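Each chain, written out:
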Amino acid sequence: MAILAVEDLCVTVQDQVVLSHCNLELPEGIWHALMGKNGMGKSSLVRTIAGHPSYTVTSGTIYLRNEDITHLPPEERARRGLFLSYQNPVEIPGVSVATFLRTALDAQGKHLPIKAFYEHLNQSLDTVGLDRSFASRAINVDFSGGEKKRCEMLQILILQPSVILLDEIDSGLDIDAIQTIAHCLPQASGLIITHQKKFLDLIQPEKIHIMEHGTITRSGGITLLDTLEHQGYAGLEER
Amino acid sequence: MKDENHDFHYEVDYIHNAGTGLNEDTIRYISQAKNEPQWLLDFRLHALRVFQKLPMPTWIPPIDFDNIQYYLSPQKQTQRSWDDVPEEVKNTFDRLGIPERERKFLAGVEAQFDSETAYARLQEFLTKDGVIFVDSNTGLQQYPDIFRPYFASLVPVEDNKFSALNSAVFSGGSFIYVPPGEKLKQPLQAYFRINAQRFGQFERTLIIVDHDAELLYMEGCTAPTFESAALHSAVVEVIALPGAKVQYITVQNWSSNVFNLVTKRSTAHANAEIRWIDCNIGSRITAKYPAILLAGERARGEILSIALATDNQVQDTGAKMIHRANSTTSNIVSKSVSKHHGLATYRGLVDIAPNLQGCRNRTRCDALLIDTDSRSDTYPRITITGDQNQVEHEASVSKVDEERLLYLRQRGLDEHQSTSLCVNGFVNDLIREFPLEYSVELRRLIDAVV
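As they're listed, the protein sequences go chains A and B. Read left to right, the first sequence gives residues 1 to 239 (my numbering). Read left to right, the second sequence gives residues 1001 to 1450 (my numbering).
Among these hints, one or two may not hold up.
Just some of the chain A residues that point at chain B, by a computed CB distance under 8 Å [unchecked claim]:
#1 A50
#2 H52
#3 P73
#4 A78
#5 R79
#6 I92
#7 G94
#8 A104
#9 Q108
#10 L159
Since the hints were made in silico from the structure, they are not lab data. All values derive from a computational prediction rather than experimental measurement. The beta-carbon is built from N, C-alpha and C at its ideal position, and this holds for glycine as well.
Just chain A, same shape as in the assembly (with noise of 0.2 Å):
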């Protein structure tokens, strides 16, 4: 069963067409892969099933579980589980990266007691790779990309989402921090954005969906990495 399915989607943006009868299932506990050129629509699919109220969705539907959440406002789809992850997440300033978890664990009905919230936080803040001192920094303030997106990787660690919507998370990071970043990844279902190969192989997704002009042309297993590593997105068109 689909823990996540977007049917027949169509989006616009400003009166401008993003997203064009797009079709996803998202098997449970299964991590899939979207690649394709940049400004197909990728990053829009996204956006929109994490509840972005620039694109407006025309038709279509999305489900979590079976349920329609097309509609439902941002938040109500992140306390259902749902995570999207920024390309370039944003700055807060003043508020500490610890308020903000604690603030959005409360808000997602995961309230911990104080001393296993931190002891929580610590553990996750050693294993993404940032130091301790973050927990009191303003959230993205300052942050080098790659502590960033390692801020979002620790998000991740400490709401512990079912779904998991990761764009451009390794782009401008090191190997290192690619590495870091795939080896944190949760037993959870996502889909991963991404150009990179490298950052493929190490997660394994299990398929490759390929978009261009708003819509899933090709699925396929990991094999399709191949034909985009040797003849590119070029390659795939031609067949």
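Could you slot chain B onto chain A? The hints should help.
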């Protein structure tokens, strides 16, 4: 702001009532009720004439001065024991948590109910050490040698229309004297409560901190929400003698029909340090620009302010730093949050006299707009001559932008929680300057406003 914890009032029998409207008879009534010396009556009458002559500031909406009650007192004298405070007054301060705070962490407390101080008490060992903490009328009667030379020395009657008004009808407020070398470990607190409708509260506070002494003074203000407007117009003068350290903390949360027009000035002598920490949440209109005159070498001044302007409120606040000695330094940080047609204005003045050297000022003004209906204005004025001094001014206006809120919402926070977290983050570094007991309350108030 509307806050159910503060929005209540009691029917009270007033022993003294100067009636509605303002003329010489009002002044004579007040002066007689207080049994004041002739010089003070003369001072008040002179102030009344100045008040009547001065024009209204153009940016303040008209106030019907004939429709205000200027003096209301429910008791004959200030009490030193809660048991002797009239029942309704006691209930009021009980509900506001004043006695509880006194027990917990205060060195002394003064509670003013309408015109008069209902209760004032200072811990006994401090009295023995020579610390004075009484209402200002008691101060001028019992300690004229200290009181009179400083009284109206920083805020002259003629300064502005509202300093003249206060000088004419003032009642209550604190008089504090801290003797040389005495460093108070715990804060002194004053609490100002307006209970009556169409009432004007005009407290007068005079604080003198002698050589190398230290004081932390806090004031809080609330009033119930009435249909008609109330007026609060205080004058505060703070003198830090050489080496003294003073912190003056205000949490202003008047209800949304109070006009809050306050004049606050201070002088820091050589090596002295003065900090004004000011949080304006309530009132219909607030006009308040604490000033520090840096009169002695190496004096330091700091003014930190937070203003929240929501629902057509006007928070017109600012800071003035007047450098008049070498090597004086000052720091101004102002943060304002506007929402729902709120207008937050910062007016600053930094003035470094010619021929001085080694003076430094740093000013930082940040404004946060929560929606597109609100406004924030900044009017910095910097007067500096010569090149031996250093002035820095930074200002920013930002919006709580969609992307920021969305990021938080995608982690499960609803819209209100997300906005509140952003606003709390924005003022966080200033909130930390308040004592813990207050910062918790402040966060709660900010949460309720945004």
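How the hints compare with the structure:
1. A50: 5 Å, holds
2. H52: With Cβ-Cβ at 6 Å, under 8 Å, it holds.
3. P73: Holds. Min distance 7 Å.
4. A78: 4 Å, holds
5. R79: 5 Å, holds
6. I92: This interface hint holds because 6 Å falls under the 8 Å limit.
7. G94: 3 Å, holds
8. A104: Because about 4 Å separates A104/A from the closest Cβ in chain B, which is inside the 8 Å limit, the hint holds.
9. Q108: Holds - the Cβ of Q108/A comes within 8 Å of chain B, reaching about 4 Å at its closest.
10. L159: Nearest chain B Cβ about 7 Å off; hint holds.
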